[in-house]
Every structure is written in structure tokens, then in C-alpha cells.
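Undergrad: Sequence:
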Amino acid sequence: MMRWMMECMAASAGMDVPVYPGPGHDQDPADPGVIDDLNGVSLGCDDELNQTSSLILLGLVDMDASRGQNGIQLLLTAEQEAQQIVNAARNAKLARLKQAKEEAEKEVAEFRAQMEADFQRTLAETSGDSGANVKRLEKETEEKIQHLKTEADRISHDVVDMLLKVSGKTTYVPKTL
664 MMRWMMECMA ASAGMDVPVY PGPGHDQDPA DPGVIDDLNG VSLGCDDELN
714 QTSSLILLGL VDMDASRGQN GIQLLLTAEQ EAQQIVNAAR NAKLARLKQA
764 KEEAEKEVAE FRAQMEADFQ RTLAETSGDS GANVKRLEKE TEEKIQHLKT
814 EADRISHDVV DMLLKVSGKT TYVPKTL
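In terms of the working numbering, the sequence shown opens at residue 664 and continues consecutively.
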């Protein structure tokens with residue numbers, strides 16, 4: 664359309680311009696008088712200005728209508744592609760969430776099994792043979808009592824001397840009681 668307008672302007676200025684109507688037209692490119700064929704109407708550049716301007720308007724309206732249809736179709740196609748991309752991203756996200764959930768459940772199960780095994784082992788160690796535990800505790804208690812008696816015998820004389828010094832009496836206490 665733009666070429667047609669430029670050729671009309673050049674022809675009206677008296678310039679000899681070859682005219683090529685463009686693809687899709689059945690006009691002879693060697694005929695310089697024919698500019699365009701819009702809906703079966705052939706016009707030359709020497710036609711009146713109002714006919715040219717009305718033809719330009721008709722061509723623009725026709726071009727805008729086809730562009731509008733192509734634009735709508737292009738927008739619909741782009742919307743479908745965008746929806747497919749969004750759906751693919753949503754599905755990928757759901758797959759990652761499902762995988763993360765499965766991995767977390769697996770880790771929880773492993774941790775639970777480990778804690779249960781530790782508990783069972785501790786339980787077996789502490790309450791496995793109660794008779795052995797009683798004997799072990801009696802032996803430890805007897806050893807501690809013996810240790811305390813030995814220590815008391817060793818420091819009792821020093822304690823009595825300190826008490827007498829503090830109280831101010833100087834009474835002799837024999838080492839053996």
C-alpha cells in the first residue's frame with residue numbers, strides 16, 4: 664500500500680515511475696498506468712485525488728481488517744502457548760513438591776527407625792537382667808560405704824583437733840576411740 668501511494672505521488676509529479684503491484688495481484692508490472700487492483704477496481708495515477716484518497720482509505724480499512732484478524736489469531740496463539748508454558752511450569756512444580764515430600768517422608772521413617780533401635784538397645788541394657796543389675800548396684804554401694812569409712816577414720820582426728828581449737832578447750836583426745 665505504501666509503495667502504491669509513493670508511486671501515485673511520483674506519477675502526479677510528472678516522474679516516470681515503473682509500477683509493480685506486488686504479490687497476489689494479476690496486473691502486468693510493465694503497465695505503468697495501473698497502480699493497484701482493489702476489489703476488482705483498477706486505477707491509474709492520473710485519476711482524481713478524491714478517488715485516490717478513497718481508495719487509500721478502503722485499502723487501509725481492508726488492510727487493518729486483515730491485520731486485525733491476523734492480530735487476533737496471533738494473540739490467541741500466543742495465549743495458548745503461554746497457557747501451555749504455565750501448565751508445564753505448574754506440573755513441574757507439583758512434581759518437585761511430590762518428590763520433596765517423598766524424600767522427607769523417607770528421612771522421617773529412617774530417623775524414626777534409628778530412634779526406635781536406640782531406644783530398644785538402651786532398654787535392653789538397663790532392664791535386660793534385673794538380677795545382675797541388683798548385684799551390680801549392691802556391690803557399688805558397698806564399695807562406696809567402705810570408701811567413706813576409710814576416709815572418716817583417716818580425717819576424724821584432724822576434725823576433732825580443729826573443733827577443740829575453735830571452741831577454746833585444749834583437752835587431749837586419744838587417737839583411738
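Treat the hints loosely; a few may be bogus.
[To be verified] Below, simulated DSSO-like cross-link-like pairs (lysine-lysine); rule was C-alpha separation at most 30 Å, straight line:
{"hint": "1", "residue 1": "K798", "residue 2": "K812"}
{"hint": "2", "residue 1": "K756", "residue 2": "K769"}
{"hint": "3", "residue 1": "K802", "residue 2": "K812"}
{"hint": "4", "residue 1": "K812", "residue 2": "K828"}
Please keep in mind that the hints were generated in silico from the structure rather than gathered at the bench.
Undergrad: All hints are to be evaluated individually against the structure, with a verdict given for each.
TA: Now the hints, each set against the structure:
Between the alpha carbons of K798 and K812 the distance comes to roughly 21 Å, so the proposed pair stays at or under 30 Å and holds. Between K756 and K769 the alpha-carbon distance is near 20 Å, which keeps this suggested pair within the 30 Å criterion. For a cut-off of 30 Å, the pair hint linking K802 to K812 stands: about 16 Å separates their Cα positions. For the suggested pair K812 and K828, the alpha carbons sit about 24 Å apart, so the restraint of at most 30 Å is met.
Hint check: no violations occur; every hint is consistent with the structure.
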